[in-house]
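Asker: Join the two chains, each given in its own frame, into one complex according to the hints.
In order, the protein sequence lines correspond to chains A and B. The numbering of the first sequence is our numbering, which starts it at 1 and goes up by one. The numbering of the second sequence is our numbering, which starts it at 1 and goes up by one.
It should be emphasised that the hints constitute simulated quantities derived from the structure, not laboratory data. Take these hints with a grain of salt, some might be off.
[What the hints assert, rightly or not] In silico lysine to aspartate or glutamate, DMTMM-like type, Cα no more than 25 Å apart, as pairs:
id, chain 1, residue 1, chain 2, residue 2
1, B, LYS100, A, ASP35
2, A, LYS133, B, GLU39
3, A, LYS156, A, GLU144
4, A, LYS111, B, GLU173
5, A, LYS111, B, GLU92
6, A, LYS203, A, ASP121
7, A, LYS100, A, GLU137
8, A, LYS80, B, GLU92
9, A, LYS27, A, GLU206
10, A, LYS104, B, GLU173
11, A, LYS183, A, GLU137
12, A, LYS23, B, GLU173
13, A, LYS104, A, GLU144
14, A, LYS160, B, GLU173
15, B, LYS96, A, GLU206
16, B, LYS100, A, ASP74
17, B, LYS96, A, ASP35
18, A, LYS100, A, ASP121
19, B, LYS195, A, ASP121
20, B, LYS96, A, ASP74
21, A, LYS104, A, GLU205
22, B, LYS169, A, ASP197
23, A, LYS183, B, GLU173
24, B, LYS188, A, ASP74
25, A, LYS27, A, GLU50
26, A, LYS100, A, GLU185
27, B, LYS169, A, GLU144
28, A, LYS49, A, ASP88
29, A, LYS136, A, ASP88
30, A, LYS27, A, GLU90
31, A, LYS100, A, GLU143
32, B, LYS169, A, ASP74
[As the list claims (entries may be wrong)] Just so you have them, the derived chain A footprint on chain B, three or more residues with Cβ under 8 Å:
id, region
33, 164-176
34, 187-199
Predicted model, so just to flag it, every value in this text is computed and none were measured. Glycine included, every Cβ here is placed at the ideal spot set by N, Cα and C.
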Amino acid sequence: MGTTVIERNEEVRNSKQTNETAKINVKDLDLFYGDKQALYKVSLDIHEKEVTALIGPSGCGKSTFLRSLNRMNDLIDGVKITGDIVIDNENIYETNDVIKLRTKVGMVFQKPNLFPMSIYDNVAYGPRMQGIKSKKELNKIVEESLRGAAIWDEVKDRLKTSALGLSGGQQQRVCIARAIAMKPEIILMDEPTSALDPISTLKVEELIANMKKDYTIVIVTHNMQQAARVSDKTAFFLNGEIIEYDETNNIFSMPKDQRTEDYVTGRFG
Amino acid sequence: MLEKLSARIFLFCALLSVVSLLLIVGFVFYKGSHPFVAEGYSFFDFIFGMDWVPSEDKFGIFPMIVASLFATIGALIIGVPVGLFTAIFLAEIAPKRVAKIISPAVQLLAGIPSVLYGVFGLAIIVPFLQNNLGLVKGQSLLAVILVLAIMMLPTVVTVAETAIRAVPKMYREGSLALGASQIGTIFKVVVPAAKSGIMAAVVLGLGRAIGETMAVILVAGNSLILPTSLTDSVRPLTTNIALEMGYAFGTHQEMLFATGIVLFSFILLLNFVLAKISSKGGN
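Isolated chain B (complex conformation) (with noise of 0.2 Å):
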């Protein structure tokens, strides 16, 4: 009896992800596309106008859509390279006793408020822009770039250099024994040895900087207009929605809605690639 109460109280937890996914997806997609379904909207229009005022009925996301993409490219050009050779040095390179201090920082870095990176982007990275560049506004899709950049880290990092260290001994060995300096060990040998899991990486690293939205909303000036430089001020997918859902209703809330169906369709190509890879990586 208690045996099989225990059973299905497991059971029931395990579910509870998966109805809530359900939930969650079921819910966006319905109220999503009940403009186009229902309403007589045009996809097309949606995905590819280049307005959104929606007082006036034009609902067009393409500008947050390049501005979401350029933010999450420009993250990941800084980004990887960063987190990749953070890892490197951890797992090859560093004494031991200086890999002890780095690793916990950049894992706790992981674990600041997203919000506090805004605030840290806010007080620091724009005026610092601003000054520099000489920008009326420092709010920019740079500044979201370097906020981006920042907050991925700790996946990046964490992820490439387990990938790193998983690499067989052996094979340092080997190109070390030919007569490989460490650094050519490390590149010709080592990192693409792991490079499954280094693919990984970038992708989790990816899936953090798309989604990501609190720290966004506060670096990122939030202007309806098609990014031309890096010192736009832009306002990607995420933050139209938390920045509007507060005040929306009827067919702009369910444009927002829709607007989320976009951004979930690129985290779920993303988890796609991931699990494409991770496969790879395990023959």
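Looking at chain A on its own, in the form it has when it is part of the complex (with noise of 0.2 Å):
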């Protein structure tokens, strides 16, 4: 089974040298929290403007993982990386600039994380942030990205009370019109829809569905079926590895290695 492994990254890696469309090309990443590996050789193309899930059981490093792409694993002491994560020709480990590799790499956290303020605040942070502070710009921007999040005729009578005071599918759906305020290329989340109910969940979802034509999206999620109806590829983690990685429809239709065939069918995990 191990040889499996090889050969899909052996094809992932050369699929890429044909395929130019490659945004974000993971090769033999290898994450340490202290001494303890999280990350074991990860190699992973990831393609513009689709959907790309990471399924595994808990504690699999599909998080880990994905915070690896926007380097919020920096926050945490005592982390060593290994190995190259290139995004639009560039290694985001070996420039300086974070801040510009998140504005171009948004996140979408599990539980909504709203700022203490107003929902116009919230959404004009990063912005303001980067300096814009022409009022009509900001209202311009606030607007759009509200309307890209399937969430601004719920909230645009509203706009200057409190975020907190909002549903948790709304203010979750806010945190996404919040990540697409700063016009990034790609949008990561985690676990988005895992604190919500079925409803919000759902138009989170279709959301997404929607966002794909625009953004490059890697979606961290524990919800099988949730992989299932939004992604284009999925990557089946476990133990720090990925096992399989393929359209989504062969990873759930036709798995070719035994563990991700357990893990998709229920067995375990």
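Answerer: Encoded structure:
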């Protein structure tokens, strides 16, 4: 079965050479928390304007991997990373401009984490941090972003009220709007619906499907159906390794690896 | 039987502080209000009177009120930013090893007896001001402000640091993920989120400054004039009481109690503000 991994990785790498649309190119990524290794030689190509789902049991490294893509792991003491992550031909661990990276690679977290300020200020936060002061321009960005996150109609009359008064599902969509406001090219989502009710989840999933035409999306999810519904490609993580990476259809209907099959059919994890 | 007895003992202990409070407040108010209620002195003249000459029956504490307010505000202007930046540094920026050295040092500062702050002020700050500002006498409003600013640091730092540390990590992550810098995140997200705790820190520091007596006596100069500049020798409310209570009697003594009422009112007001702030922070 080990050979399957290698074969798949070879295939991925080969496909990179022929397929120039790879937006993110990860090669031999090892990640350590102190002495503990969390990722083992992870290699993966993520394609532009597709939704890539990362699935796997808890603690398999999928969130850790996701957070490597915008260097959020830098915040944790004692993290060591080797290998390459190349986005648009730039190795993100070789540049020092983390701010530019995070502008380009937005992120939506597991729990809605809006700031304790108004809806408007939340969405305008990123652009303001970039130095945009013009009220007209900010208004435009806020409206566009909230429309982009399919929440404009629900909040347009209460933009100046506290964002924390919204329901969890609405908050999460404002979080997506806040990410969109930075005009990112890639959006990382770390189990964005795990704290939401089924109807809110559905809305966020619809939103993700719509956003695909403008953004490259990488989503971590515990929910297999969600991965099947929203993603084009799926990577199955287990114990810090990618076991299988393929078209989502193939992963769910004819996985090549026994472990993938066991996981997607619910036999473990 | 034993159960009942021990419950009584607990109750007695719990009541002790309440009773003490009532006794002190009652006593101070009884003594302090006597001149105005029974002896015909004007309360207005007491508060706004410019002269305090007990031997001539003149009891005006306006210069002292002003001195107390100026000293407190001045101490806040210096102490709050320094304290807040220290708290931010300890909670957000400093590596753990550095914070582990600075944090206890700041807390130890709170344990130094106030008279030692006064001695320090008298031995270091007063001569320093005297020499560098060309003053006849280094004891001044500025010296009081500097000593009080140092004295309020531990309170401000500790309370503000706790408030900043209590801000959920997800706010920081959210801000950093939006491409904000660490400093931008601190000032735009973390500090505003810790606002009520930081306000509490400020009010507690203020309470410490306005009530401080011993350190202030040594560096204030204690002149009975309305302060017009930072280099004036001043006498705040607390020092007036401490300086004269030893030999005062009759109306003079009662007027010192009345000074205590004014001081107490300030502190009560502060506590009220603090309660307001913390109840708001809870929501």
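Asker: Look at each hint and say if it fits the structure.
Answerer: Consistency of the hints with the structure:
1. As the CA atoms of LYS100 (chain B) and ASP35 (chain A) are separated by approximately 24 Å, the hinted pair is consistent with the 25 Å bound.
2. For the hint linking LYS133 (chain A) to GLU39 (chain B), the alpha-carbon distance of about 64 Å lies beyond 25 Å, and the restraint is violated.
3. About 11 Å separates the Cα atoms of LYS156 (chain A) and GLU144 (chain A), which keeps this hinted pair within 25 Å; it holds.
4. With a C-alpha separation of about 11 Å, the suggested pairing of LYS111 (chain A) with GLU173 (chain B) holds against the 25 Å cut-off.
5. Restraint check for LYS111 (chain A) and GLU92 (chain B): the C-alpha separation of about 22 Å stays at or below 25 Å, so the hint holds.
6. A threshold of 25 Å between alpha carbons decides the hint, and for LYS203 (chain A) with ASP121 (chain A) the separation of about 23 Å falls inside it, so the pair holds.
7. Annotation: proposed proximity of LYS100 (chain A) to GLU137 (chain A) holds, straight-line Cα distance about 21 Å (limit 25 Å).
8. Restraint check: the Cα-Cα separation between LYS80 (chain A) and GLU92 (chain B) comes to about 21 Å, which is no more than 25 Å; the hinted pair holds.
9. Between LYS27 (chain A) and GLU206 (chain A) the alpha-carbon distance is near 31 Å, which puts this suggested pair outside the 25 Å criterion.
10. Restraint check: the Cα-Cα separation between LYS104 (chain A) and GLU173 (chain B) comes to about 16 Å, which is no more than 25 Å; the hinted pair holds.
11. Pair hint LYS183 (chain A) plus GLU137 (chain A) holds up; C-alpha atoms about 14 Å apart against a cutoff of 25 Å.
12. Restraint check for LYS23 (chain A) and GLU173 (chain B): satisfied, since their Cα atoms lie roughly 24 Å apart, inside the 25 Å limit.
13. Note on LYS104 (chain A) and GLU144 (chain A): the hinted pairing holds, with a Cα-Cα distance of about 18 Å set against a maximum of 25 Å.
14. Taken as a hint, the LYS160 (chain A) and GLU173 (chain B) pair is honoured in the structure, with Cα atoms around 23 Å apart against an allowance of 25 Å.
15. Distance hint between LYS96 (chain B) and GLU206 (chain A) is unfulfilled; the C-alpha atoms sit about 44 Å from each other, more than 25 Å.
16. With a C-alpha separation of about 22 Å, the suggested pairing of LYS100 (chain B) with ASP74 (chain A) holds against the 25 Å cut-off.
17. Among the hinted pairs, LYS96 (chain B) with ASP35 (chain A) is consistent with the structure: their alpha-carbon atoms are about 19 Å apart, no more than 25 Å.
18. This hinted pair checks out: LYS100 (chain A) and ASP121 (chain A) have alpha carbons roughly 21 Å apart, not beyond 25 Å.
19. With a CA separation close to 17 Å, the supplied pair LYS195 (chain B) and ASP121 (chain A) stays within the 25 Å bound.
20. Distance check on the hinted pair: LYS96 (chain B) and ASP74 (chain A) sit about 16 Å apart at the alpha-carbon level, within 25 Å; holds.
21. Between the alpha carbons of LYS104 (chain A) and GLU205 (chain A) the distance comes to roughly 22 Å, so the proposed pair stays at or under 25 Å and holds.
22. The suggested pairing of LYS169 (chain B) with ASP197 (chain A) holds, with an alpha-carbon distance near 24 Å, which does not exceed 25 Å.
23. Taken as a hint, the LYS183 (chain A) and GLU173 (chain B) pair is honoured in the structure, with Cα atoms around 18 Å apart against an allowance of 25 Å.
24. Proposed proximity of LYS188 (chain B) and ASP74 (chain A) is supported: the alpha carbons are some 21 Å apart, at most 25 Å.
25. The suggested pairing of LYS27 (chain A) with GLU50 (chain A) holds, with an alpha-carbon distance near 19 Å, which does not exceed 25 Å.
26. Between LYS100 (chain A) and GLU185 (chain A) the CA atoms are separated by roughly 12 Å; this keeps the pair inside 25 Å, and the hint holds.
27. With a C-alpha separation of about 28 Å, the suggested pairing of LYS169 (chain B) with GLU144 (chain A) is violated against the 25 Å cut-off.
28. Among the hinted pairs, LYS49 (chain A) with ASP88 (chain A) is consistent with the structure: their alpha-carbon atoms are about 13 Å apart, no more than 25 Å.
29. Restraint check for LYS136 (chain A) and ASP88 (chain A): the C-alpha separation of about 32 Å exceeds 25 Å, so the hint is violated.
30. Annotation: proposed proximity of LYS27 (chain A) to GLU90 (chain A) holds, straight-line Cα distance about 13 Å (limit 25 Å).
31. Restraint check for LYS100 (chain A) and GLU143 (chain A): satisfied, since their Cα atoms lie roughly 23 Å apart, inside the 25 Å limit.
32. Restraint check for LYS169 (chain B) and ASP74 (chain A): satisfied, since their Cα atoms lie roughly 14 Å apart, inside the 25 Å limit.
33. Using a Cβ-Cβ cut-off of 8 Å, 8 residues of the region 164-176 of chain B lie near chain A, which meets the minimum of three, so the contact claim holds.
34. With 4 residues having a beta carbon nearer than 8 Å to a beta carbon of chain A, the region 187-199 of chain B meets the requirement of three or more and the stated coverage holds.
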